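Participant: Residues per chain are reported as follows:
2 protein chains.
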Amino acid sequence: MNSVELSLDEIYQLAFDCLKRAGADDANADAVADTVKRAERDGSVSHGLFRIPGYVATLNSGKVNGNADPQPEQVTPAMVRCHGQNGHAPLALARCIEMLAQSAKTCGIAALSLTHSHHFAALWPETEALAERGLVGFACVSYTPMVAPTGGTEALFGTNPISFAWPRQDHPPFVFDMATAAMAMGEVQLAARDGHQVPLGTGLGPEGELTTDPKEILKGVLLPFGGHKGSAISLMVELMAGPMVGEGFSFEAAESNNDDGGPPQGGEFILAIDPKIMGGENCVEHAEKMFSKLQGIDGVRLPGERRHKLRQDTGPRKVNSELISKLRALAQNSQ
Amino acid sequence: MNSVELSLDEIYQLAFDCLKRAGADDANADAVADTVKRAERDGSVSHGLFRIPGYVATLNSGKVNGNADPQPEQVTPAMVRCHGQNGHAPLALARCIEMLAQSAKTCGIAALSLTHSHHFAALWPETEALAERGLVGFACVSYTPMVAPTGGTEALFGTNPISFAWPRQDHPPFVFDMATAAMAMGEVQLAARDGHQVPLGTGLGPEGELTTDPKEILKGVLLPFGGHKGSAISLMVELMAGPMVGEGFSFEAAESNNDDGGPPQGGEFILAIDPKIMGGENCVEHAEKMFSKLQGIDGVRLPGERRHKLRQDTGPRKVNSELISKLRALAQNSQ
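The listed protein sequences derive, respectively, from chains A and B. 176 is the number that numbering that gives the first Met the number 0 gives to position 177 of the first sequence; each next residue is one higher, with no gaps. 41 is the number that numbering that gives the first Met the number 0 gives to position 42 of the second sequence; each next residue is one higher, with no gaps.
If you're looking for bench data, these hints aren't it; they were derived computationally from the structure. Remember, it's a predicted structure, so these values are computed and weren't measured experimentally. Hints may contain errors.
Unchecked claim - If you want the footprint, here are the derived chain A segments under chain B, 3+ residues with CB under 8 Å:
#1 40 to 52
#2 72 to 79
#3 84 to 98
#4 267 to 279
#5 291 to 299
#6 315 to 325
Claimed, not checked - Taking lysine-lysine pairs in the DSSO-like style, the calculated list, with each CA pair at most 30 Å apart, reads:
#7 Lys-292(B) <-> Lys-214(A)
#8 Lys-292(B) <-> Lys-275(B)
#9 Lys-292(A) <-> Lys-218(B)
#10 Lys-275(A) <-> Lys-104(B)
#11 Lys-218(B) <-> Lys-62(B)
#12 Lys-275(A) <-> Lys-308(A)
#13 Lys-275(A) <-> Lys-325(A)
#14 Lys-292(A) <-> Lys-308(A)
#15 Lys-62(B) <-> Lys-214(B)
#16 Lys-292(B) <-> Lys-317(B)
#17 Lys-104(A) <-> Lys-275(A)
#18 Lys-317(B) <-> Lys-214(B)
#19 Lys-292(A) <-> Lys-62(B)
#20 Lys-62(A) <-> Lys-62(B)
#21 Lys-325(A) <-> Lys-62(A)
#22 Lys-288(A) <-> Lys-62(B)
#23 Lys-292(A) <-> Lys-275(A)
#24 Lys-275(B) <-> Lys-275(A)
#25 Lys-214(A) <-> Lys-325(A)
#26 Lys-218(A) <-> Lys-288(B)
#27 Lys-325(A) <-> Lys-218(A)
#28 Lys-62(A) <-> Lys-275(B)
#29 Lys-214(B) <-> Lys-292(A)
#30 Lys-214(A) <-> Lys-288(A)
#31 Lys-19(B) <-> Lys-325(B)
#32 Lys-19(B) <-> Lys-317(B)
#33 Lys-19(B) <-> Lys-62(B)
#34 Lys-325(B) <-> Lys-62(B)
#35 Lys-104(A) <-> Lys-104(B)
#36 Lys-275(B) <-> Lys-104(A)
#37 Lys-292(A) <-> Lys-19(A)
#38 Lys-19(A) <-> Lys-325(A)
#39 Lys-214(A) <-> Lys-62(A)
#40 Lys-218(A) <-> Lys-325(B)
Glycine is no exception: its CB is placed at the ideal position from the N, C-alpha and C atoms.
Please work from the sequences and hints to get the whole structure.
Facilitator: Encoded structure:
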């Protein structure tokens, strides 16, 4: 893979310029560009600049409102709701997290319903932001049908990621963020682009057959991770990020989607718990016993550790050259 | 397998008599016997009478308090806490569910922290009870170390089940309840007793080798379902049902356990959400669209459906004869 080096500021600016050129206002372009920069910073390449063409496509097609001005509202002392005004999710999330965190610190637990939003990023930015405030965070979103329920051969579920974050003492939070599909679609796309095989069980080809060829899976369907148990969790995400927050299912999002290559409209559910109210002052310190145990086992690594290690490097990041050429054209609006 | 037929009332009474004879008071014996009866009713055999010898052992050894009188307290309008007084969980749960449900109906979301309790049953009784009240329920407990984190070969996590329930229109709730281990220990024990093999990936033998022999796995360790993703979810359960609610981890429960064959002390986390407050009046009806889709796919079955179908049969249940002889002896205290 040919790559070029860009500083984190250059990554931000390139993303910002593409979004502005496509019609986003400063607040929206800033929120998305910041999310993209943080993904590249943490080595989460499939959620970095790789996504900008999709963000731009949705602005160009008019599906997404680049001037959304979402305002969170306090529904009950423990519940925050936000209508995303059909914008990209990052601005709404940036505005909601503090109200959600304050609600959890008052009530011990609180939840956010974000609707009419277009989510195209990882989930760890929102759960990690809660854990950085001393809270336990959980989040999930659905997407567009790409995953067959266990036993089926046609897409019904989104890749439906879930993320969980736990505040740690003297460490960055413990955070996992994973598709409930056997593999995230972005990873399958990268494998197809780079000519890699994927593990058997990742998905089915167009005839419903198991295959290790990511290009065949892109024509077929992904499978849930972990068989019927993962399939049940993916269905839980459909319900939680759909009707429970006042939104539709993946298959409904797909029905109203214009297939411009960017994310359809969807909902997000975020849960925040103050572990000190629930479990007592000592509980974060107590939890360190488990992390010590895990770090003492050969062959076990904590999710999120790689991201947090990469984050310490403030230097430039390698980005695929073709992608950069494409983005520079988008930033000039000469596509 | 030789079996005898018992009516549901006889199942309840046999369980009740065993517990009373071992020192439980009426309230505790009733709550546990009712839980056991409902498990047998729903065909959840590994959580039925099969567990009574374990319940009895913990009463006989003095580890569990058969006269626990747990009282839920309202910590915040959205948070309920209950000290289980070292009793078996069913009485505490029966007393907490209504307060938790009312909190969720007031605040939109609420959580329960149950500590100092001994959980030896399925989780669906508590999540289904919430869904029967129109709420979305989620629950998890940890147990005693039986599962190696992905990459490891020694037990660190419990089988750490999670359960989720969703209220349905004109149907029993949608409920799943599953170990985050590849297989629940009760199922492995039943397979060993009945001479069945288990799927590769269920666990490791005493030398850390993959095996399909449940007897070897009973000498070794279980594995999480779904590889590193299931392992991350199991760790989430350790944190949520442990320090987050003010309890210890599985490995700490094991350190203070007397190995009498019954459940160690542990915590439980239960979440209740009022989907009508969060998602609007229409959301339960809306969700039926997904269940219709799923039920239209050949090869897909909804978790919980088998249980709800078996429940409709109010007739006698077949129970292993050896187990019945053992329980009748326990009920006479002549073991």
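Participant: Now look at each hint and say whether the structure bears it out.
Facilitator: Now for the hints, and whether the structure bears them out:
1. 40 to 52: violated (count 0)
2. 72 to 79: holds (count 5)
3. 84 to 98: violated (count 0)
4. 267 to 279: holds (count 7)
5. 291 to 299: Three-residue rule met by the region 291 to 299 of chain A, so holds; n is 6.
6. 315 to 325: Three-residue rule not met by the region 315 to 325 of chain A, so violated; n is 0.
7. Lys-292(B) <-> Lys-214(A): 27 Å, holds
8. Lys-292(B) <-> Lys-275(B): 22 Å, holds
9. Lys-292(A) <-> Lys-218(B): Roughly 22 Å between the alpha carbons, so the hint for Lys-292(A) and Lys-218(B) holds.
10. Lys-275(A) <-> Lys-104(B): Between Lys-275(A) and Lys-104(B) the Cα gap is close to 24 Å, so the pair holds against 30 Å.
11. Lys-218(B) <-> Lys-62(B): 24 Å, holds
12. Lys-275(A) <-> Lys-308(A): Roughly 27 Å between the alpha carbons, so the hint for Lys-275(A) and Lys-308(A) holds.
13. Lys-275(A) <-> Lys-325(A): Violated, because 48 Å separates the two Cα atoms, which is more than 30 Å.
14. Lys-292(A) <-> Lys-308(A): Answer holds: Lys-292(A) to Lys-308(A) is near 20 Å, not above 30 Å.
15. Lys-62(B) <-> Lys-214(B): 27 Å, holds
16. Lys-292(B) <-> Lys-317(B): 35 Å, violated
17. Lys-104(A) <-> Lys-275(A): Given pair Lys-104(A), Lys-275(A) holds - Cα atoms ~9 Å apart, limit 30 Å.
18. Lys-317(B) <-> Lys-214(B): With a Cα-Cα distance of about 25 Å, the restraint between Lys-317(B) and Lys-214(B) holds, given a limit of 30 Å.
19. Lys-292(A) <-> Lys-62(B): At roughly 27 Å apart (the allowed maximum being 30 Å), Lys-62(B) and Lys-292(A) satisfy the hint.
20. Lys-62(A) <-> Lys-62(B): At roughly 62 Å apart (the allowed maximum being 30 Å), Lys-62(B) and Lys-62(A) break the hint.
21. Lys-325(A) <-> Lys-62(A): 21 Å, holds
22. Lys-288(A) <-> Lys-62(B): Roughly 25 Å separates the two Cα atoms, so the pair holds.
23. Lys-292(A) <-> Lys-275(A): Roughly 22 Å separates the two Cα atoms, so the pair holds.
24. Lys-275(B) <-> Lys-275(A): It holds: about 29 Å lies between the C-alpha atoms, which stays within 30 Å.
25. Lys-214(A) <-> Lys-325(A): This hinted pair holds, its Cα atoms lying about 22 Å apart.
26. Lys-218(A) <-> Lys-288(B): 26 Å, holds
27. Lys-325(A) <-> Lys-218(A): 24 Å, holds
28. Lys-62(A) <-> Lys-275(B): With Cα atoms ~28 Å apart, Lys-62(A) and Lys-275(B) stay inside 30 Å; holds.
29. Lys-214(B) <-> Lys-292(A): Cα-Cα ~27 Å, so holds.
30. Lys-214(A) <-> Lys-288(A): With Cα atoms ~44 Å apart, Lys-214(A) and Lys-288(A) exceed 30 Å; violated.
31. Lys-19(B) <-> Lys-325(B): Status holds; Cα separation ~16 Å.
32. Lys-19(B) <-> Lys-317(B): 24 Å, holds
33. Lys-19(B) <-> Lys-62(B): The hint holds at about 16 Å.
34. Lys-325(B) <-> Lys-62(B): 21 Å, holds
35. Lys-104(A) <-> Lys-104(B): Judged against 30 Å, a Cα distance of about 20 Å means the pair holds.
36. Lys-275(B) <-> Lys-104(A): 24 Å, holds
37. Lys-292(A) <-> Lys-19(A): Answer violated: Lys-292(A) to Lys-19(A) is near 48 Å, above 30 Å.
38. Lys-19(A) <-> Lys-325(A): Since the Cα atoms of Lys-19(A) and Lys-325(A) sit roughly 16 Å apart, the hinted pair holds (cutoff 30 Å).
39. Lys-214(A) <-> Lys-62(A): Given that 30 Å is the threshold and the Cα spacing comes to 27 Å, the pair holds.
40. Lys-218(A) <-> Lys-325(B): Roughly 57 Å between the alpha carbons, so the hint for Lys-218(A) and Lys-325(B) is violated.
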